[in-house]
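Chains as they are written, first to last, in our numbering: chain X, 16 to 61; chain F, 5 to 247.
Calculated from the structure, these hints are not laboratory results.
There could be a bad hint or two in this list.
[What the hints assert, rightly or not] Which bits of chain X does chain F cover? Going by a derived footprint, with three or more residues having C-beta under 8 Å, they are:
#1 16–22
#2 26–35
#3 38–52
[Stated by the list, open to error] Chain F side only, calculated, beta carbon under 8 Å to chain X, not exhaustive:
#4 Thr-117
#5 Ile-226
#6 Arg-241
#7 Val-242
[What the hints assert, rightly or not] Distance windows between CB atoms, simulated:
#8 Leu-53/X x Asp-207/F: 29 to 37 Å
#9 Ala-59/F x Asn-55/X: 55 to 63 Å
#10 Gly-58/F x Leu-50/X: 35 to 43 Å
#11 Ala-51/X x His-30/F: 17 to 25 Å
#12 Ala-51/X x Trp-186/F: 49 to 57 Å
#13 Leu-25/F x Gly-33/X: 23 to 31 Å
#14 Val-217/F x Gln-54/X: 38 to 46 Å
#15 Leu-50/X x Leu-190/F: 46 to 54 Å
Idealized CB from N, CA, C, for every residue including glycine.
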Amino acid sequence: MYDFYIFASYTFTAFALGVIIAVSFRGLLRARQSLAALQNTKNDDG
Amino acid sequence: MLERLENLSALYANPHRFMKLAARLHAPVWSVALVVLALGLFMVSGVPDDYQQGATVRIMFVHVPAAWMALFAYSFIFFASLVAVVLRHPLGYLAARAAAPVGAVFTLVALVTGALWGQPMWGTWWVWDARLTSVLVLLFIYLGYIALWEAIDDYGRAARATSILAFVGFVNVPIVKFSVDWWNTLHQPASVSRFARPALHADFLYPLLVMGVAFLFLFLAITLTRLQMEVLRQRLRVRQSEI
């Protein structure tokens with residue numbers, strides 16, 4: 016009878032936490048790549 | 005006391021030293037978060053139906069820890085901003101900025117799961133009572149805080165402006181916490197308190213506390229990941245400005 020409400024609660028929680036986790040790891044990876052690319056450019060210029 | 009705090013904060017004021025510590029802590033914090041979450045979900049799967057609420061009591065195990073984390077994350081932002089302003093710790097602003105989207109997500113989860121619990125129990129998705137409204141205001145403060153960081157290009161000005169918002173917005177935290185005591189609300193009062201015997205039976209209390217610890221470690225793990233990202237972005241900004 017209440018299955019929809021319980022399922023929706025856990026699914027939404029998993030989705031929302033999954034999104035913030037994925038976005039955070041993607042941001043960390045991108046920051047590492049950008050910093051490495053900048054370092055390579057500086058090394059090439061030097 | 006302040007001197008001891010300054011010494012402690014100075015130890016990790018060097019972002020390079022902090023990044024070494026964060027890299028060492030990253031895997032253990034994530035491991036604890038995932039193991040405790042698995043344990044919590046296992047305990048929740050064995051919880052009996054409530055005599056009044058039936059199976060919907062299971063929503064409590066995500067709704068309540070998410071609401072705890074919504075308040076905890078904002079308190080974290082407040083204290084990180086305070087450390088940044090008072091002790092001039094360079095990581096304070098970055099820690100506050102890193103925690104804001106995580107706190108916003110926990111607040112959103114608390115609101116959505118609350119609505120999904122309210123519909124079968126109260127017969128309505130939403131009422132403008134003090135608890136629900138103050139949590140909605142908390143979400144708007146989080147969104148305003150995040151937007152303010154993005155809206156100002158100059159890092160120093162953005163850090164000062166967002167700190168002021170963090171201090172002003174902190175007024176809402178005790179309002180959320182005590183709204184159910186100060187006003188007549190449809191939302192029930194706190195069932196778990198430091199100062200009184202919990203109103204929950206042990207069958208519900210222990211899984212709830214384990215889920216609370218799991219959400220706390222999830223918050224710490226995600227915030228640590230985002231803080232590493234913020235430090236690298238800051239390093240990138242400095243290096244780009246040097247070119």
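Whether chain F covers the region 26–35 of chain X (at least 3 residues having a Cβ closer than 8 Å to its Cβ atoms): Three-residue rule met by the region 26–35 of chain X, so holds; n is 6.
Within the assertion that chain F covers the region 38–52 of chain X, do at least three residues meet a Cβ-to-Cβ distance smaller than 8 Å? It holds, with 9 qualifying residues against the three required.
Interface hint check: Arg-241/F, Cβ to nearest Cβ on chain X, cutoff 8 Å. Holds or violated? violated, 10 Å
Should the interface hint for Thr-117/F be scored as holding, given a Cβ-Cβ cut-off of 8 Å against chain X? holds, 4 Å
Does the Cβ-Cβ separation between Ala-51/X and His-30/F fall within 17 to 25 Å? holds, 18 Å
Take the shortest C-beta to C-beta distance between Ile-226/F and chain X; is it under 8 Å? The hint holds - Ile-226/F has a Cβ within 8 Å of chain X, the shortest such distance being about 6 Å.
Quick check on Val-242/F please, does its C-beta sit within 8 Å of some C-beta on chain X? violated, 11 Å
Go check the region 16–22 of chain X versus chain F for me, would you? Three or more residues, Cβ under 8 Å, otherwise it fails. Coverage by chain F holds here, the residue count being 5 at a Cβ distance below 8 Å.
Look at the Cβ atoms of Ala-59/F and Asn-55/X and judge whether their distance stays inside 55 to 63 Å. Holds, since Ala-59/F and Asn-55/X (Cβ atoms, about 57 Å apart) stay within the stated range.
Given the hint of 46 to 54 Å, check if Leu-50/X and Leu-190/F actually sit that far apart at their C-beta atoms. Holds: the Cβ-Cβ distance is about 50 Å, inside 46 to 54 Å.
Indicate whether the distance between the beta carbons of Val-217/F and Gln-54/X respects the range 38 to 46 Å. holds, 40 Å
CB of Gly-58/F to CB of Leu-50/X, is that within 35 to 43 Å? With Cβ atoms ~53 Å apart, the hint is violated.
The structure does not agree with the numbered hints 6, 7, 8, 10 stated previously, though it agrees with the rest.
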